[in-house]
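J.: Residue strings, one per chain:
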Amino acid sequence: MAEQEGIRRENGGNGGLGAAGREGNHAGNVLLGYLKSAPVGVNISGLTKSFGQNRVLKGVDLGIEPGETVVILGKSGTGKSVLLRHIIGLERPDGGSILIGGEPVEYDAPGKGEHVVAMVFQSSALFNSLTVADNVGLYLKEHKVFKDDGKVRQIVSSALEIVGLSEKEDVMPSVLSGGMKRRVATARALVMNPDLLLFDEPTAGLDPMMTRTIGDLILDLKQKVEMTQIVVTHDIDLAFYVADRIAVLSEGRIIEFGPPEQIRDCAKHAVQEFITPQFGENRR
Amino acid sequence: MNGVMSFFRVTGGLVSLLMETLYWCKSVFKNTDKITDQLLVIGYQTLPVGALIALFSGGVLALQAGPTLAQFGIEENVGGLVGLSLVKEIGPVMAAILVAGRVGSAMAAELASMSVYEEIDALKTMDINPLRYLVMPRFIATVLALPVLVIYMDVIGWFGGAIVAAVNPDVHLSFTVYYRNLSELVDFTAFVNGLIKAAVFGVIISIVCCYVGLKTKGGPREIGTSVTKAVVLSFVLVLVFDYYVTRILLFLNID
Ligand SMILES: Nc1ncnc2c1ncn2[C@@H]1O[C@H](COP(=O)(O)OP(=O)(O)OP(=O)(O)O)[C@@H](O)[C@H]1O
Ligand SMILES: [Mg+2]
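Those sequence lines, one after another, are chains S and P. Under our numbering, residue 614 is the last one in the first sequence; the count climbs by one each step, no gaps. Under our numbering, residue 277 is the last one in the second sequence; the count climbs by one each step, no gaps.
Derived by calculation from the structure, the hints in this document are not laboratory data. Don't be surprised by glycine CBs; every beta carbon is placed ideally from N, CA and C. Please note that the accuracy of each hint is not assured.
List time: in silico DSSO-like cross-link candidates among lysine-lysine, alpha-carbon distance up to 27 Å [to be verified]:
1) Lys56/P / Lys388/S
2) Lys366/S / Lys477/S
3) Lys56/P / Lys239/P
4) Lys388/S / Lys52/P
5) Lys239/P / Lys52/P
6) Lys251/P / Lys52/P
7) Lys471/S / Lys56/P
8) Lys477/S / Lys237/P
9) Lys477/S / Lys146/P
10) Lys146/P / Lys239/P
11) Lys477/S / Lys251/P
12) Lys239/P / Lys481/S
13) Lys48/P / Lys498/S
14) Lys52/P / Lys477/S
15) Lys442/S / Lys251/P
16) Lys471/S / Lys52/P
17) Lys498/S / Lys442/S
18) Lys598/S / Lys366/S
19) Lys251/P / Lys56/P
20) Lys146/P / Lys56/P
Partial list, derived from the structure: chain P residues whose beta carbon lies under 8 Å from chain S [as the list claims (entries may be wrong)]:
21) Tyr139
22) Glu140
23) Asp143
24) Ala144
25) Met148
26) Asp149
27) Ile150
28) Thr268
Derived CB-CB ranges, DEER-like [claimed, not checked]:
29) Val26/P / Gly480/S: 55 to 63 Å
30) Asp567/S / Val71/P: 53 to 61 Å
31) Ala439/S / Tyr201/P: 52 to 60 Å
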């Protein structure tokens with residue numbers, strides 16, 4: 331735990347937009363100190379998937395470097411969630427391959443791979459019969475990561491503190507708002523100490539302040555834990571805030587992949603559609 | 023053709039779920055907390071209503087048989103008749119139907135909603151096997167609880183029969199005569215017979231309801247459909263297996 335010192339936030343963090351709210355937040359650092367990723371790259375090549383007649387992925391190629399944060403943009407229904415479900419092994423592709431840290435993904439046994447991959451589901455997918463704290467702590471408890479329960483509680487509360495839900499530990503998920511569920515799901519994924527973290531619309535339903543907190547969390551994970559992250563989002567501001575590179579998924583293929591500037595300057599219509607302000611000049 | 027295919031698919035699915043669940047029973051002692059939770063739920067859901075059903079079933083048996091036996095002057099046999107019918111047949115089947123309707127339906131609904139809302143997927147990504155975490159505790163709890171519920175319902179059913187035999191003017195049998203006859207006729211093997219049936223029904227109900235629940239795809243509508251399907255399939259299999267288990271027990275002379 332010596333490296334914990336190096337991770338401790340010294341002064342107001344990375345200067346991010348939401349950092350002020352979390353300044354001097356030591357409980358948060360318990361978790362960040364505990365997290366330790368072996369950064370893994372992801373290599374997707376020629377990935378195809380159909381559901382009946384519906385050809386969703388028509389040959390996705392994507393290479394992600396270890397420690398990189400890649401944002402995936404794409405219209406609703408283009409298969410972003412389907413792509414993430416393939417990466418984590420919940421869906422078996424019709425063709426093509428996915429390597430995580432050089433190891434092929436085990437499609438029938440998600441969670442059994444060499445590297446720990448965690449996902450924040452679009453639906454949050456919280457366990458409705460467990461309290462918020464039990465949801466977050468389940469992985470640690472079931473895998474007996476720590477011998478004493480005190481440590482589990484400590485990690486769980488610091489994870490919940492990072493997402494701003496400390497006071498909700500003993501609440502059942504059914505009484506939470508959609509945005510709160512999303513944040514619990516984020517905390518639950520974090521405590522798994524993943525090498526690769528997949529976010530499926532982590533900020534959908536969040537207010538601007540919380541969106542910034544999540545944005546800063548993604549930056550912290552990148553800079554301090556060197557975690558590889560794939561973020562699916564519709565939030566262009568968030569995309570440009572956190573991304574090392576942005577991939578645009580359209581018609582079942584990645585049509586553009588590069589650093590934010592490249593995406594901003596890309597002339598393709600399908601790309602520009604996304605990054606121009608929705609209300610254009612009419613915005614007051 | 024479709025029906026035949028799905029018959030084999032479901033049968034295969036049930037058998038393989040049973041096998042995998044039996045495999046996961048190796049970690050039964052590490053999951054006693056979950057099993058206890060399930061046992062409490064089952065007890066809470068079935069004990070009050072089970073008592074009511076048993077009381078009236080015992081009563082109606084005495085009501086039907088009592089006057090007829092009295093016509094032949096052998097009304098003291100009401101005790102044995104009610105006792106044996108409950109222990110060997112009616113108790114296990116009634117308890118099974120109660121458990122399928124209350125516990126099995128809840129299991130199917132819970133697992134179906136967990137499937138539909140990606141909770142099962144989330145478990146898998148956390149490397150938590152849903153069969154160990156969800157199915158095995160429900161399986162063990164149901165298989166343990168059903169025989170206990172049967173004993174409980176037998177005892178209450180006997181009492182129901184005793185009351186009716188005592189107050190019915192055509193029969194008018196004292197408690198002492200009723201229970202003496204009952205204890206002469208209901209022996210240990212009859213009891214074991216009923217408990218074996220109950221355990222088999224417990225296997226059927228838990229496996230069927232978990233299987234149907236886990237296979238649910240779609241949305242909220244499909245959760246409802248799954249619950250109905252699970253309960254109906256449990257009823258049918260319980261009654262079919264009741265016949266075959268009885269045949270086997272007769273053959274083995276545990277009767
Ligand atoms: N299990 C499934 N069975 C059949 N079709 C599916 C399944 N999962 C996804 N699809 C289809 O795949 C397509 C892509 O779905 P997906 O959920 O990946 O979209 P998305 O890009 O994540 O959209 P959104 O931004 O709205 O979340 C849709 O047409 C959907 O109907
Ligand atoms: Mg999606």
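J.: Work down the list of hints and note, for each, if the structure agrees.
T.: Structure-based check of each hint:
1. Using a Cα cut-off of 27 Å, the hinted pair Lys56/P and Lys388/S is violated, with the two alpha carbons roughly 44 Å apart.
2. The suggested pairing of Lys366/S with Lys477/S holds, with an alpha-carbon distance near 19 Å, which does not exceed 27 Å.
3. Of the pairs offered as hints, the one joining Lys56/P and Lys239/P holds, with about 26 Å between alpha carbons and a cut-off of 27 Å not exceeded.
4. With a C-alpha separation of about 45 Å, the suggested pair Lys388/S and Lys52/P falls outside the 27 Å cut-off, and the hint is violated.
5. For the hint linking Lys239/P to Lys52/P, the alpha-carbon distance of about 31 Å lies beyond 27 Å, and the restraint is violated.
6. Taking the CA atoms of Lys251/P and Lys52/P, the gap is near 32 Å; set against the 27 Å cutoff, the hint is violated.
7. A distance of roughly 13 Å separates the Cα atoms of Lys471/S and Lys56/P; the hinted pair therefore holds under the 27 Å criterion.
8. For a cut-off of 27 Å, the pair hint linking Lys477/S to Lys237/P is broken: about 35 Å separates their Cα positions.
9. Between Lys477/S and Lys146/P the CA atoms are separated by roughly 23 Å; this keeps the pair inside 27 Å, and the hint holds.
10. Taking the CA atoms of Lys146/P and Lys239/P, the gap is near 16 Å; set against the 27 Å cutoff, the hint holds.
11. Our distance criterion of 27 Å between C-alpha atoms is broken by Lys477/S and Lys251/P, whose separation comes to about 43 Å.
12. A C-alpha spacing of about 38 Å is found between Lys239/P and Lys481/S, which places the hinted pair above 27 Å, so the restraint is violated.
13. For a cut-off of 27 Å, the pair hint linking Lys48/P to Lys498/S is broken: about 36 Å separates their Cα positions.
14. Proposed proximity of Lys52/P and Lys477/S is supported: the alpha carbons are some 15 Å apart, at most 27 Å.
15. Taken as a hint, the Lys442/S and Lys251/P pair is broken in the structure, with Cα atoms around 33 Å apart against an allowance of 27 Å.
16. Note on Lys471/S and Lys52/P: the hinted pairing holds, with a Cα-Cα distance of about 12 Å set against a maximum of 27 Å.
17. At most 27 Å may separate the alpha-carbon atoms for a hinted pair to count; Lys498/S and Lys442/S exceed this at roughly 31 Å.
18. In summary, the hint linking Lys598/S to Lys366/S is not supported, as the alpha carbons are separated by about 39 Å, beyond the 27 Å threshold.
19. Taking the CA atoms of Lys251/P and Lys56/P, the gap is about 26 Å. The hint holds against a cut of 27 Å.
20. Restraint check for Lys146/P and Lys56/P: satisfied, since their Cα atoms lie roughly 18 Å apart, inside the 27 Å limit.
21. A least Cβ separation of about 6 Å between Tyr139/P and chain S falls short of the 8 Å threshold, and the interface hint therefore holds.
22. Interface hint at Glu140/P: satisfied, since its Cβ lies 4 Å from the closest Cβ of chain S, which is below the 8 Å cut-off.
23. About 5 Å separates the beta-carbon of Asp143/P from the nearest beta-carbon of chain S, less than 8 Å, and the hint is met.
24. Hint status for Ala144/P: holds, given a least beta-carbon distance of 4 Å to chain S, under 8 Å.
25. Interface hint at Met148/P: satisfied, since its Cβ lies 5 Å from the closest Cβ of chain S, which is below the 8 Å cut-off.
26. For Asp149/P, the interface hint holds, the least distance from its beta-carbon to any beta-carbon of chain S being 3 Å, beneath 8 Å.
27. Residue-level restraint check for Ile150/P holds (minimum Cβ-Cβ distance to chain S is 5 Å; threshold 8 Å).
28. Of the supplied interface hints, the one on Thr268/P is violated, with its beta-carbon coming no nearer than about 38 Å to a beta-carbon of chain S, more than 8 Å.
29. For Val26/P paired with Gly480/S, a C-beta distance near 57 Å keeps the hint of 55 to 63 Å intact.
30. Between Asp567/S and Val71/P, the C-beta spacing of about 57 Å keeps the proposed range 53 to 61 Å intact.
31. Judged by the Cβ atoms, the range 52 to 60 Å given for Ala439/S and Tyr201/P holds: they are separated by roughly 58 Å.
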